[in-house]
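J.: Sequence:
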Amino acid sequence: MNETDEALYSRYLTTHDGQVFRILLERHRETLMLFINGYVNNLDDAEELMMDAFAEVAAGPTLFSGRSAFKTWLFSIGKNLALMHLRKQRRRPVASEELSEETPDPGELPELQLLKEDRNRQLYGALQQLNDDYRQILILLYFEQMSHEEAARVMRKNRRQIYHLAERGRAALREKLERMGFSDAQYG
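Per my numbering, numbering of the sequence shown is gapless, rising by one per residue and ending at 188.
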């Protein structure tokens, strides 16, 4: 039986069973790290911040009220940690033009294993070139399969803003992919 995240977290809080916590970690670590990397543009920092987010989750339910989905709460923690990290580092997010043209080899980076096919690497590269809000909304809606309402909570925007961001983000991604030689049939 596939338990919900909320049920697993509740069971973890009552039993402190590390195996239950590992299930939550396995379900969300890669996509949370990808989401955090959208803020910090450094996979090592993103991995560390992802682990910090899970450490906060493991510490207990001080902030989780159950009013939102567990994943929404987890991604909010990740976003807040990424923003604090940027403030501490006194740096801004790197603009896509400043990023290296080199694409990391997914075989060398376990966090990118789900992007190991060439088409997925191209999609990831195109996503990295989008502005932060477009990239984040597309990751939340399509990789994380969050609802528009959940994405609005994570990004601290209203539903109308989320719908507009998603529409503009899809258009910007489509344009980037078309410039890279992809047709609608290849990535649609």
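A few of these clues could be false.
Listed next, with one range per pair, are the computed distances between beta-carbon atoms [as the list claims (entries may be wrong)]: (1) R67 - R179: 26 to 32 Å; (2) R174 - M84: 29 to 35 Å; (3) M51 - R11: 19 to 25 Å; (4) E26 - G60: 34 to 40 Å.
As a list, the in silico EDC-like pairs of lysine to aspartate or glutamate whose alpha-carbon atoms are at most 16 Å apart [what the hints assert, rightly or not]: (5) K88 - D45; (6) K157 - D132; (7) K88 - E48; (8) K176 - E149; (9) K157 - E175; (10) K157 - E167.
Hints were generated in silico from the structure; no laboratory data involved. Where is the CB? At the ideal position from N, CA and C, for every residue including glycine.
J.: Are the hints correct? Go through all of them and say.
T.: Right, here's what the structure says about each hint:
1. R67 - R179: 26 to 32 Å: Distance hint for R67, R179 is violated at roughly 42 Å.
2. R174 - M84: 29 to 35 Å: holds, 34 Å
3. M51 - R11: 19 to 25 Å: holds, 21 Å
4. E26 - G60: 34 to 40 Å: violated, 20 Å
5. K88 - D45: holds, 12 Å
6. K157 - D132: At roughly 14 Å apart (the allowed maximum being 16 Å), D132 and K157 satisfy the hint.
7. K88 - E48: holds, 15 Å
8. K176 - E149: violated, 27 Å
9. K157 - E175: Violated. K157 to E175 sits at ~25 Å, over the 16 Å cutoff.
10. K157 - E167: holds, 15 Å
Hint check: violations occur at hints 1, 4, 8 and 9; the rest are consistent with the structure.
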